[in-house]
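> The chain contents come next:
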Amino acid sequence: MNTPMTTPRTLTIERQLPYPPEKIWRALTEGSLIQEWLMDNDFQAVVGHRFHFRSTPVAGWDGVIESEVQTVEANKKLSYSWDTMGLATVVVWTLETTPGGTMLRMEQTGLEKEANYKGAMYGWQKFIGGLERVVGGLQ
Amino acid sequence: MRTAPNAIFKSLADPTRRAIFERLSRDGEQTVRMLTDKSGVSQPAVSKHLGVLKHAGLVRARPRGREMHYKAQPRALAPLVDWMSYYSQFWHNRFDQLEATLKRMEP
Numbered sequence: 001m002n003t004p005m006t007t008p009r010t011l012t013i014e015r016q017l018p019y020p021p022e023k024i025w026r027a028l029t030e031g032s033l034i035q036e037w038l039m040d041n042d043f044q045a046v047v048g049h050r051f052h053f054r055s056t057p058v059a060g061w062d063g064v065i066e067s068e069v070q071t072v073e074a075n076k077k078l079s080y081s082w083d084t085m086g087l088a089t090v091v092v093w094t095l096e097t098t099p100g101g102t103m104l105r106m107e108q109t110g111l112e113k114e115a116n117y118k119g120a121m122y123g124w125q126k127f128i129g130g131l132e133r134v135v136g137g138l139q
Numbered sequence: 001m002r003t004a005p006n007a008i009f010k011s012l013a014d015p016t017r018r019a020i021f022e023r024l025s026r027d028g029e030q031t032v033r034m035l036t037d038k039s040g041v042s043q044p045a046v047s048k049h050l051g052v053l054k055h056a057g058l059v060r061a062r063p064r065g066r067e068m069h070y071k072a073q074p075r076a077l078a079p080l081v082d083w084m085s086y087y088s089q090f091w092h093n094r095f096d097q098l099e100a101t102l103k104r105m106e107p
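If you read the sequences in order, they're chains L and D.
Its first residue numbered 1, the first sequence is counted upward by one per residue in the working numbering.
Its first residue numbered 1, the second sequence is counted upward by one per residue in the working numbering.
Because the hints were derived from the structure by calculation, they are not lab data.
Glycine residues also receive a C-beta, built at the ideal position from the N, C-alpha and C atoms.
Be careful, since some hints might not be right.
Claimed, not checked - In silico DSS-like pairs for lysine-lysine, Cα to Cα no more than 30 Å straight-line:
1) 103/D with 77/L
2) 54/D with 38/D
3) 38/D with 10/D
4) 23/L with 76/L
5) 10/D with 71/D
6) 48/D with 38/D
7) 71/D with 48/D
8) 23/L with 103/D
9) 103/D with 76/L
As the list claims (entries may be wrong) - Every beta carbon over 10 Å from chain L, so not counted as near; a handful from chain D, in silico:
10) 34
11) 38
12) 45
13) 52
14) 61
15) 104
Chain L extracted, bound-state conformation (with noise of 0.2 Å):
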């Protein structure tokens, strides 16, 4: 087993898209649009509002994804607060305009529970290394 323990706790995603940032920026605040792609929701660019992303529930989740918009700037940076099954986390998607359309980033990052997160990690080096044979099977 790796040590993904250590790694830092931001997932990013990045992608080349042959359209301007304009576009895409359409598809990322419209609820209509955002349906198509992501999930069922009640967003609106409006920094504060608080909304639900929905998908189908399965066993041991509800389905329900608590957020609320943090940071709207029109064609460049969205971000809000995606908190679900006890694991807050914040979704900052940037557009940047390239030659060849637009690079769309994604950074998803742990919040105060990431804090406790770390913290915990510290300690925890040990304990989990410890567990690595009887977690082995895990992966």
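Following the hints, position chain D against chain L.
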């Protein structure tokens, strides 16, 4: 059962609970009495800790004879190690769908 990572962290943040969980992981199934003998805390305290671990899905209890026997459930640790990989897969998939949406949209 899939427990929220935060609940798992919370339940293992306590050193006594962590020690109990480590013992169960290392030595296999134990009774409250066996755990109490070596933990240096009272039996009610051990029982309480086991309740928290059980709630987080980290241990399972089963009655055997007159006593409850507790067993570690290391599989419950899975959410700790895999939420990043879970979301990585999730977002790659959504990026694909986003591209499909962009293709369908008017210019």
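> Indicate, hint by hint, whether the structure satisfies it.
We went through each hint and held it up to the structure:
1. Straight-line distance between C-alpha atoms of residue 103/D and residue 77/L comes to about 21 Å, which keeps the hinted pair within the 30 Å bound.
2. For the given pair, residue 54/D sits about 20 Å from residue 38/D by alpha-carbon distance, which is consistent with the 30 Å threshold.
3. Between residue 38/D and residue 10/D, the direct Cα distance comes to roughly 23 Å. Compliance with the 30 Å bound is thereby established for this hinted pair.
4. Under the criterion of a C-alpha separation no larger than 30 Å, the hint pairing residue 23/L with residue 76/L is consistent with the structure, at around 12 Å.
5. Of the supplied pair hints, the one linking residue 10/D and residue 71/D holds, its CA atoms being roughly 19 Å apart against a limit of 30 Å.
6. Distance hint between residue 48/D and residue 38/D is fulfilled; the C-alpha atoms sit about 16 Å from each other, no more than 30 Å.
7. Between the alpha carbons of residue 71/D and residue 48/D the distance comes to roughly 15 Å, so the proposed pair stays at or under 30 Å and holds.
8. For the hint pairing residue 23/L with residue 103/D, the CA-to-CA distance comes to about 10 Å; that is within 30 Å, so the pair holds.
9. Taking the CA atoms of residue 103/D and residue 76/L, the gap is near 20 Å; set against the 30 Å cutoff, the hint holds.
10. Distance to chain L confirms residue 34/D as a non-interface residue, since its nearest Cβ pair spans about 19 Å, more than 10 Å.
11. Listed as a non-interface residue, residue 38/D keeps its Cβ farther than 10 Å from every Cβ of chain L; the least gap is roughly 17 Å.
12. Chain L leaves residue 45/D outside its interface by the beta-carbon criterion, the shortest separation being 20 Å against a cut-off of 10 Å.
13. Here residue 52/D stays apart from chain L, with its beta-carbon at least about 15 Å from theirs, past the 10 Å limit.
14. The claim that residue 61/D lies off the interface holds: its Cβ sits roughly 19 Å from the closest Cβ of chain L, which is beyond the 10 Å cut-off.
15. With a minimum CB-CB distance of about 8 Å to chain L, residue 104/D fails to clear the 10 Å threshold, and the non-interface call is violated.
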